Amino acid sequence: MKNYWMMLVLLCCSITAALAQEKNVSGTVTDQNGLPLPGVSITIVGTNTGTQTDFDGNYSIMAAMGQTLRFSYIGQKTVEQAVGASSTINVQMEEDAQALEEVIVTGQGSGIARRKLSTTVDVLDAEEIDKLPANQIDQLLQSTTPSAQIRLSSGQPGTAAIIRTRGPISAASSATPVVIIDGVRVDNLNSNPQLGIGTGGANVSALADIPVESIEKIEYIKGGAATTLYGADAANGVIQIITKKGKEGRSSAYFETNVGVIKGTRDFLKYERTAEALFEPGLSQEFKVGLNGGNEKFTYNFAGNLYTDDSFNDINEQIRRSFSFGLTAKVTDRLQYQGSLSFVNFQSNLDYNANTSLSRFSNLEGSARGDTAEFTDAEWEDELAYYQNVGDLVDITSTTNRVTASNKFIYDINDNLQVNATIGIDNRNTVQEELLNNELQIAFGLIAPGITDQGSLSRVLRSAFTLTTDINLTHKADLDNFSFVSILGGQFFRTSDRQNRLDGSGGVDGTRSLNNFSEQAFSDFVLENANYGLYFLENIGIYDVAFLEFGGRLDRNTASGSNTDPLLLPKIGLTYNLSDHDFYRDAGISNILSTVKLRANYGEATNFAQPFEQDRTFAQNPFLGGPSFTFDNPGNDELVSERVKTTEFGLELGFFSNRLFLSGTRYMGITEDALFTPQSAPSTGQLNQIQNIGEVENKGYEFELRATPIQTNKHTLSVNLSYNTNENLVTDSGGAPPFVVGGFAVLGSVVEEGQSLGYLRGTVAILQEDGTYSFEPNTALGDTFAPNFGSVGLNYTWGDFNFFATADYQFGGQITDLSFLLRHNRGTDDTGIPEELIGTTSPFNYTNFFVFDNDFLKVRNIGASYNFGDIAKPLFSNIRLGLTATNPFNWTAGNFDPETTGAGIGTQNGFASGGFAYGTESAPRTYVASLRFEF
Amino acid sequence: MKKLIIFSLSILAISCTGDFGEVVDFKEIENPNLSEASVVGQPNSASIWLSGLERQLAIVFNETLVLSELGSDNYVNTQTFFNQFMDELEIKITDPDMRDTQRQIQRLRELAVFGLDKVGPGDPNYDAATEAEFNYFEGLSYLFSAMYFSALPAEPTGVPITANQHYQNAIASFDTAIALNPQPEYHLAKARAHYYLGNKNQAVAAATNALTLSANFDRFVLFDAANGPSNTFESALYQRATFDDLQPLPTLDFLDPKYSFLNTSQDAPVHYLKAEEAHLILAEANLADNNIEAAKDNLIKLLDLIGTREVRTIDDSIEQRTEVVEGSRPDSTIVVVNGREGLVLNRQSGPIDIPSVSGTSLTANDVAAMQDDDAGLVLLYRTRQEVFIAEGLRFVDMGVKLVIDENEILLNENINEGDSGTIAVIPPFIASVTGDLDAIVYVPGSEVATTVIDLNEILVANKSSNFVVPFE
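Read top to bottom, the protein sequences are chains A and B.
Take the first sequence: its letter number 915 is residue 915 in my numbering, and every next letter is one higher.
Take the second sequence: its letter number 309 is residue 309 in my numbering, and every next letter is one higher.
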């Protein structure tokens, strides 16, 4: 008992002593140039206590003498300072060359420093993402990645963008890259599902509900050697999303609210009255919250988001609800666990578009009901009432719930050997509905007034599930002059896509239950695929300046024919950082030309065909209440993935400490065994069969310039500019006749030997010497893929103020103005058409008059933000005000928008040439104000 | 302790059995679709295969009707996504409708042949009636090949054979079907093949046989409105959306739309082999033989038969003539077309009556007044046009033939561009009036409309040509 009291007294004394010694330590943290560093994490070693520097690099913390403060910041060497007698500790941090090396998650394994890579990867970091108002992955990447072409095919909510980088490599798939979140593949269906509700075009894309909050960074990997290890279907590239898992140090939180106005763009309208009938400025509202923090053992991040807008027109709406969290736990000294989970709920509705006579926009712009400019006011009033009535009744909805979860286990066997294991799932469920009730059909003039029992309701249920597992071993070894990174791993993923479509007809109005329809029909569609691969990679560093990388993947998937073997996909690369030699660094020239990097690589990546297309099958269709057999897929037991072989050479030059940075890459990609689905001979009576018969070549250059012309204590101005070229050619069609992959057969996007993939072909009228016209069928009208494209960006920071702008452009391609063709067909628009042709033959005999350049320059984002700092201290550590405008300015070669290829991607994951501008609204203009409170 | 060890070991042993393998085997993928083994060699597969042939025939009509009706003077495409070229008889190897039409006709053949070779023999319940139907469908594929194409392969990437040879092959197939299970439509199909071959006696014999078996038979193809294929020509004629605007020649207005909304499970059928055709063949043969009284008798029987056929009362108020410029075509009962009254209906003043099998403006008085002259033959051809409207026969009567598709030309080593089947057949007397086939003179709101040409007169004027009027 006596001892007990003694201890208590001692304890009190020590606490008192501790309290007595604790004091307020403050100071400023600067970088090696003396500029203040905001956001530096300061922790007291051995405790959970911590803080961060403010926007002027200042901090204050209660600490006791003898304790040690640890200052850590990304890209800087960690500094530890013991608390002494002084209450001020100013710290100047030093750049950590090793840490500054950006680490790229190269396929699999634990990541490799960018300087060791022979391939290029476009990276978008959290700061850049935060500035952008978009909450759709394709919109985030548009104009912010130097070498991706991202074309928004409609302004309606959730609709798909056509994404490509190094030209069209495949006639068998949309060019949509594989999307991987924290190592887990997610559904990236960028087209309407097979059984999806046909709106005539403009379909809701899976890209619309990929979780975008809490992104630490996005890596856009462009195919070729960079994606070899991803195997399977990575030839189109990979978008890798790494989410925030929290940071050690002081906990932080934020609350953000955004309000915006959405306006339909009139830049491309033929008729002002189209806008009058359909456009109606909408309001967007968004609330975001986030939490972040942790200690040495455990870090966490949470984000939640609620978004709604009522779009730029009279009927579209969207609602998005999402949350995500990520965490890192040090289970033992050697075992680390990283987990992330996100949930997205996305609801939207669509109008009819493009290829349906119910489309209001294409009817107005195509003058299906007459030239609205010629209507009298009274006629227009009636017409307006018609469109508004129809708009009120159109009922096409889509609701998606998506859950994505990733678990990663990192085990350090020793300092050099690490095991990474990942297991995760993505589960995306979508329900689409189209209610075409009697009232709407009467309004459209489809059925006679008075009919009450011909309503129809269609419902499509799609469930997409992906399981990804990966385990790999990374070994790192450093000898005197050589370093080795060796990765050996295995990856497995399985996707299943189950669709059920229910169609009810013969219904009265007032119900959304299929039970109430007199005729009920259903159909289903299943795609399943298992893919498994072994991969290895060796990266050998030579004197830490040159790096030789080689590896490969042995890949097998169940979409191959029975008579095929696993594919071996090799890669090899060489990188030489001339400027990393000591002699170079010591030489005077390094002050001017600070970085010289040469790189070359070769790699193969694949795309597989749609599952089950290898099998010969029969169909049993319901017909008049009974079964009926017919031939289905002819089958191809030799079917394998198409293989893209890419060779790249690159040079990177940095001047004046990389204030001016130039990168140039020459790439050559050859798609061998290209998957073509040509027409079968009609005399066989069989359906068309996908076959490995083609060869496609893509060649081009990628140039990127990044410059920071102003960098002072207060001001920073940086600009970036990219220019890319692509030369595309179908070098071999395996003897198959040209086949149409988009548009009409008489004016189509065609695959033909000696032409670019999906080029425009049609009958052209050629003026003869005698003044008559001859008609040449199957004449090339141009390439649908603009062979020149790039992006431009500007970023200016003045203290707490930031201004940025992004734009992108393309030129050299062609596109059909289908609305014009329709107007002409209806006799309301003969602009530029020779008199001799009008009315004498079908417009499909002079398609050359409807094809135009698809050149454009579009400013996508202009934004500004201001950090008020801690004006509302102690409530908020910072308040940020942001203003952004999206799509404010457009310049195009024609009078129409070459991006709005409303018909989008026709078949599930099918090829999209984007060669037909038609029938849907352009991406709207939005003006968003945001206010962010940080705690 | 020992028990515990044994217990633990047995748990371990059970957990190592293969049964758990399924839990972690994610590689197994099963194609949910039917393999050949699920079709061939199964009981009742032949009758299901036969339903498949019926369904395929519906698909064939969805292709042939649009082309042949637009290509004839029956209909004009004022504003649709249906074929843009046939109105002007621009028949091209690049036209995808050429491709689809011949593909579906030849798919019908391939399905029929597979039924005869594989499915039927493998089915223990295969019977003569089913086998007869398989032969009948094979025969129909040849019949359509001959009606619409001057030459077409008769097997996958085979040598193209002429229309005449296809008619012969069709007759052989129909004969096999008749031998197995005689049906009036088999005889009529045979009669049609002989008719177009100009084999008058055989045509008469077959037509007579058909009528002997049944005086009012009617073989039709049904369409599945809920599961498809729905009747494409019905959407072209009746359903009204912005792009669906096929307009009939005003002389045929009272027969349009032959196909209209039936119910949500079935679309209106196409009556493609009906007893009327036998009467018309007999009448034409009698006219050719200068037997006017017999011909009149045939036509009276025809009128009697037509009198028994269904007439549907429909609300067609959503149809305007036309949609692009409302009322620009005759749309009132007051309009007299080519001097004849009662051919145009007013669709806005309540329900209208439209024959859904056969209709005609021919009257008993017309028949009584009929002479054994060209005017009589014109009347007969006018009646053929009316009775067969929207059934794809008018185009064949015009002697026009479609072409082999460019894909077939490229993939079939037996065909080269420029070969006979790759060039459209358009009789010169049709070629000279192509632009006028659908042309009318009509001032909106007036009471008189005139067709620029009377194609029946042109056909009869050229009756000695090998292209048309086969019995002359």
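One or more hints might be untrue.
[Said to hold, decoys possible] In silico DSS-like cross-links for lysine-lysine, where the CA-CA straight-line distance does not exceed 30 Å: (1) A:Lys645 / B:Lys27; (2) A:Lys645 / A:Lys77; (3) A:Lys263 / A:Lys297; (4) B:Lys200 / A:Lys408; (5) A:Lys23 / A:Lys131; (6) A:Lys330 / A:Lys297.
[Stated by the list, open to error] Which chain B residues face chain A? A few, computed with CB under 10 Å, are given here: (7) Ser45; (8) Leu111; (9) Pro156; (10) Asn412; (11) Asn416.
[Stated by the list, open to error] Which bits of chain A does chain B cover? Going by a derived footprint, with three or more residues having C-beta under 8 Å, they are: (12) 228 to 241; (13) 529 to 538; (14) 616 to 624; (15) 656 to 670; (16) 787 to 801.
I should point out that these hints are in silico values taken from the structure, not numbers from a laboratory.
Please read all numbers here as calculations on a predicted model, not as lab measurements.
Glycine is no exception: its CB is placed at the ideal position from the N, C-alpha and C atoms.
Checked hints:
no. : hint                : verdict
1   : A:Lys645 / B:Lys27  : 27 Å, holds
2   : A:Lys645 / A:Lys77  : 41 Å, violated
3   : A:Lys263 / A:Lys297 : 48 Å, violated
4   : B:Lys200 / A:Lys408 : 84 Å, violated
5   : A:Lys23 / A:Lys131  : 38 Å, violated
6   : A:Lys330 / A:Lys297 : 5 Å, holds
7   : Ser45               : 7 Å, holds
8   : Leu111              : 6 Å, holds
9   : Pro156              : 4 Å, holds
10  : Asn412              : 6 Å, holds
11  : Asn416              : 14 Å, violated
12  : 228 to 241          : violated (count 0)
13  : 529 to 538          : holds (count 3)
14  : 616 to 624          : holds (count 9)
15  : 656 to 670          : violated (count 0)
16  : 787 to 801          : violated (count 0)
Figure legend: structure checked against the earlier numbered hints; hints not met, in rising order: 2, 3, 4, 5, 11, 12, 15, 16.
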